[in-house]
Amino acid sequence: MARYIAKRLLQAIPAFLIITVIVFLLSNAAPGSPIDLIKSAGDITPEAEHALMVQYGLDKPVVVRYFIWLGNMLSGDMGISSRTQQPVWSLISERIGPTLVLSLYSLLVSLLIAIPVGVMAALKPYSIWDNISSVASFVGAAAPNFFVALVLVYVFSIKLGVLPSMGMYAASGGGGIGDLARHLVLPGFVMVIQLLGTFVKQTRGSMLEVMNEEYVKTARAKGLSELRVTVKHILRNAWIPIVSCIATTVPLLVGGATVTEQVFGWPGMGTLLIQSISQRDYNTIMGITVLISIAVLVVNLLLDLVYAFLDPKIRFD
Amino acid sequence: MKTQTGQKKKSEAFRNFKKHKMAMIGLTIITLEILCVLILPLLLHLDPVAIDRTAFNQAPGQVHLLGTDEVGRDMFARVVCGGQVSILIGFAATAISVLVGLPLGLVAAYYRGRAESLIMRTADIFMSFPAMVLILVVVAVFGSEIPIIIFLIGILNWPAIAKLIYGNVLSLRGREFVEAERAIGSSDLKIIFKTILPNAIAPLWVALAFRISSAMITESALSFLGAGVQPPQASWGNIIQAATSLAVLTKRWWIWIPAGVCLVVTIVCINFVGEGIRDALDPKMKRL
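Listed in order, the protein sequences are those of chains A and B.
Read in order, the letters of the first sequence correspond to residues 11 to 327 in the numbering used here.
Read in order, the letters of the second sequence correspond to residues 33 to 320 in the numbering used here.
With the Cβ distance kept under 10 Å, some of the chain A side facing chain B (calculated, not the full set):
id, residue
1, Ala25
2, Ile28
3, Ile32
4, Phe156
5, Val161
6, Thr258
7, Val273
8, Leu283
9, Ile287
10, Leu307
Since the hints were made in silico from the structure, they are not lab data.
C-beta: ideal position from N, C-alpha, C; glycine also.
From just these sequences and the hints, can you work out the full model?
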């Protein structure tokens, strides 16, 4: 197992480096450096400009800058945001919580709905569950999240006035878990319909695959109860592909959250990314991108390990 | 013999497809829609950026079928011309994914070895990263002209196509008829193009439909975030963006609802066509 973990860790490193190099080169190729922005606000002397270049480290070649930056980052220093003059890490760190709350909530809710529905749909073909599962996977693939979000805001926040449409807590006298729960309903719903389809389809599919296995027939023939067969024999084997399916939605969670966060003014990393891009705040763009790629790689790695733990065949491959 | 059974399979799939009611309705709507966005602008001289100074924020009426926006642009013209852009991006981006993904998937599965691990590892890296974030960063650097958007969406979707082709070719390359072809000394090129490709391509048609609709969703989300097609040029996504203003959202439904409805209808119809093709190619798969 230790060897397997080491092997997977080593495989993750090139992926991480490739992504950081690409993003680093991109944000450096950008027209309109932070210096240009400061210059456009008022005239500055060439000396002051040079001082700024040195301050931002822009006087060095790109390759050197990449390694300096990578070194800094690995020691926890992501630089200063050219937009707010705060350390990037402090900007990002206050955004991690809200993004995690929104994505974990959506992930949990969609799994809690998707797994029972998928199981029922596989057990009872042509039933209402089966119909729900096809509708869910169809809607999940066809709904543009920002439009759904706007329609929800229109109906529930404006016409009916029952749910808040902006932010994470009410501005006046907010706080508390109840307030958060109310603010989570709409953005959470938008993310859940995107995830639900994938999960339902996967659960149903892998259930169907396992259901025809010989050992399931044997379990039934032994006279075990239907519930016991479903939980102990089918689901136990069917949920391995479901775990890997969760991994494939990690990019969707992060990418989809960008749009959802923006519409609902959710104070997460997505809104920070869009603000930073519009202000060409390189350090923050890089910080977010690196953090996201680390998150994606770590989640994939963890799921791989769960996978290997569940299915010994993989470990010894 | 082989071509005969191939023909039979094809015509059978075609018959199955025609029996799929939703797919036929979807196909009809898509066809009509494409004709509309191509012909109407020429026929009615629609100009999506023309400004009518006598009508700002006007509700739908006789002169402006779908009303006007805050600077007096005709919303009907914008929705039709925006459709042209959105549909173009969906199809063109998918074409790029196929042009890149098909050969790479084919090479990886046919030659195996180093090419395989290099290509499939790269595909994994591409797939593990949120496309939306990467596109946002690239667009911030290189600008968001339509060709750049098409290229980006296309290039970021190649792994899906490559993996599909890879899986199919892998299962085909060990089959008897491929072995037979190799035994009689056919060249690799001949085996790939004459024997493997025609048999591996069927699932691609299904994937194409879903790729087109997902490319359209990506484009519209980008334009909605202000990082896609730039105003004054219209696309369904940037038309809907107007609704982020509370006044438009609550009081001027004609500015954002029609574009949104068009987008949803188009995507739903394309996906119906995809489902129809899937069921037609493999009736057994219907329940999966």
